[in-house]
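A.B. asks: Single-letter residue listing:
Protein chains: 2
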Amino acid sequence: MSELSRSSGVPVATIKYYLREGLLPQGEATAVNQADYSELHLRRLRLIRALVGVRGLSVSGAKEVLAGVSAHVSDMHQMLGIVLGARPVDKAAAKPSRTAVDEVDELVKAVDWQVSDHAPAKQVIAETLTTLRSLGVDVDWQTLLPYAELARRTATLDLDQLQDTDDPLDRAERAVVLTVLLEPVLLSLRRLAQENESARRYGA
Amino acid sequence: MSELSRSSGVPVATIKYYLREGLLPQGEATAVNQADYSELHLRRLRLIRALVGVRGLSVSGAKEVLAGVSAHVSDMHQMLGIVLGARPVDKAAAKPSRTAVDEVDELVKAVDWQVSDHAPAKQVIAETLTTLRSLGVDVDWQTLLPYAELARRTATLDLDQLQDTDDPLDRAERAVVLTVLLEPVLLSLRRLAQENESARRYGA
Numbered sequence: 001m002s003e004l005s006r007s008s009g010v011p012v013a014t015i016k017y018y019l020r021e022g023l024l025p026q027g028e029a030t031a032v033n034q035a036d037y038s039e040l041h042l043r044r045l046r047l048i049r050a051l052v053g054v055r056g057l058s059v060s061g062a063k064e065v066l067a068g069v070s071a072h073v074s075d076m077h078q079m080l081g082i083v084l085g086a087r088p089v090d091k092a093a094a095k096p097s098r099t100a101v102d103e104v105d106e107l108v109k110a111v112d113w114q115v116s117d118h119a120p121a122k123q124v125i126a127e128t129l130t131t132l133r134s135l136g137v138d139v140d141w142q143t144l145l146p147y148a149e150l151a152r153r154t155a156t157l158d159l160d161q162l163q164d165t166d167d168p169l170d171r172a173e174r175a176v177v178l179t180v181l182l183e184p185v186l187l188s189l190r191r192l193a194q195e196n197e198s199a200r201r202y203g204a
Numbered sequence: 001m002s003e004l005s006r007s008s009g010v011p012v013a014t015i016k017y018y019l020r021e022g023l024l025p026q027g028e029a030t031a032v033n034q035a036d037y038s039e040l041h042l043r044r045l046r047l048i049r050a051l052v053g054v055r056g057l058s059v060s061g062a063k064e065v066l067a068g069v070s071a072h073v074s075d076m077h078q079m080l081g082i083v084l085g086a087r088p089v090d091k092a093a094a095k096p097s098r099t100a101v102d103e104v105d106e107l108v109k110a111v112d113w114q115v116s117d118h119a120p121a122k123q124v125i126a127e128t129l130t131t132l133r134s135l136g137v138d139v140d141w142q143t144l145l146p147y148a149e150l151a152r153r154t155a156t157l158d159l160d161q162l163q164d165t166d167d168p169l170d171r172a173e174r175a176v177v178l179t180v181l182l183e184p185v186l187l188s189l190r191r192l193a194q195e196n197e198s199a200r201r202y203g204a
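If you read the protein sequences in the order shown, they are chains F and G.
When you line the first sequence up against our numbering, it's residues 1 to 204, in that order.
When you line the second sequence up against our numbering, it's residues 1 to 204, in that order.
Careful: at least some of the hints might be erroneous.
Claimed, not checked - Facing chain G, from chain F, some residues (calculated, C-beta under 8 Å):
no., residue
1, S70
2, V73
3, M76
4, G81
5, I82
6, V177
7, R191
8, G203
Simulated from the structure, these hints should not be mistaken for lab results.
Glycine included, each C-beta is placed from N, C-alpha and C at the ideal position.
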């Protein structure tokens, strides 16, 4: 266990806690192949750290996700849905108007995306459309069409990043880390690009 | 003042507070052209609401931004820099490594963007690269190049949205509202697009 702690950077006390809570499977202390065994634990520990530390899930939330991942190791689409499923943004939001909800459905239909009816991200978009309107800014679903096309290309890049590894646990961890941690990067790149575009359009 | 409150939706007590704090210029109670006068206050109130309510600035922060906007009404690039300048994301972050800072400079050089040396968004990217590496995920600045190109196109769409109006206060307000409120929308579109891309690549 102390070797696992050293190679993962996770304190022994935390590893024991994860074992007690059932996030990490119990190890056989007498296992013949210690290295292989540690390797599996190590990868699982990295995924737990990604879910709890990066993604901000509770221990019980992470446990649920891990169970889902284990049940769908051979189904990449299901697994990605499970590790990326929860809402990415958690701000106090306006209750979405019926119109806004319909508009998001129209948008999804227009771009012909295969997404679940109750995807939390659809709710976030509907809420924001509602908020924008309450502020007097008229952004409708057609305004979002070109943004959706750029988001589609971004997602293609994202999924390309997951091709490097065949190991399901590695993929799940990479999916969490890249999806969550690239968010501030993408928003910052947008901000820099706005500054650049503004300089080109309006700069001296 | 009660008419201003009615048309802006901002309570009289709040308007009085903004007047006291100097965010809103004092009005001449005996002004001949009451309608025009209210119109200016109304637009300024909307901008204050965008800065404080949407952007999350403090009253003194908003006051500084408003002073900057007033000083640069005829310089769109300066004005956008002022209203959009502060850090968009405010999470506990890793201190960026020297390498990561250099890499962000290389990225900006490679895409040939005109951005200020000390743009807070550059810091955010360097911090995230550092965090990703501490988690064992190797994302270098070359990985970010295609993301930067998509961010450039996104920013072009963003700035197109500001063309609708010639009024500097309206533009400043629209810039704040669209930049900040579209963030969760863009992240949600990315999430939906990931689900779609995953369904196409790995779905049954």
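A.B. asks: For each hint, tell me whether it holds in the structure or not.
C.D. replies: Against the structure, the hints:
1. S70: Violated, about 17 Å.
2. V73: At about 12 Å, which exceeds the 8 Å cut-off, the nearest Cβ of chain G leaves the hint on V73/F violated.
3. M76: Hint holds; M76/F Cβ to chain G Cβ min 4 Å, cut 8 Å.
4. G81: Check passed: Cβ of G81/F comes within 7 Å of chain G, closer than 8 Å.
5. I82: It is violated, given that the least Cβ distance between I82/F and chain G is near 11 Å, above 8 Å.
6. V177: 5 Å, holds
7. R191: Holds, about 4 Å.
8. G203: 5 Å, holds
The structure is inconsistent with the numbered hints 1, 2, 5, although it conforms to all the rest.
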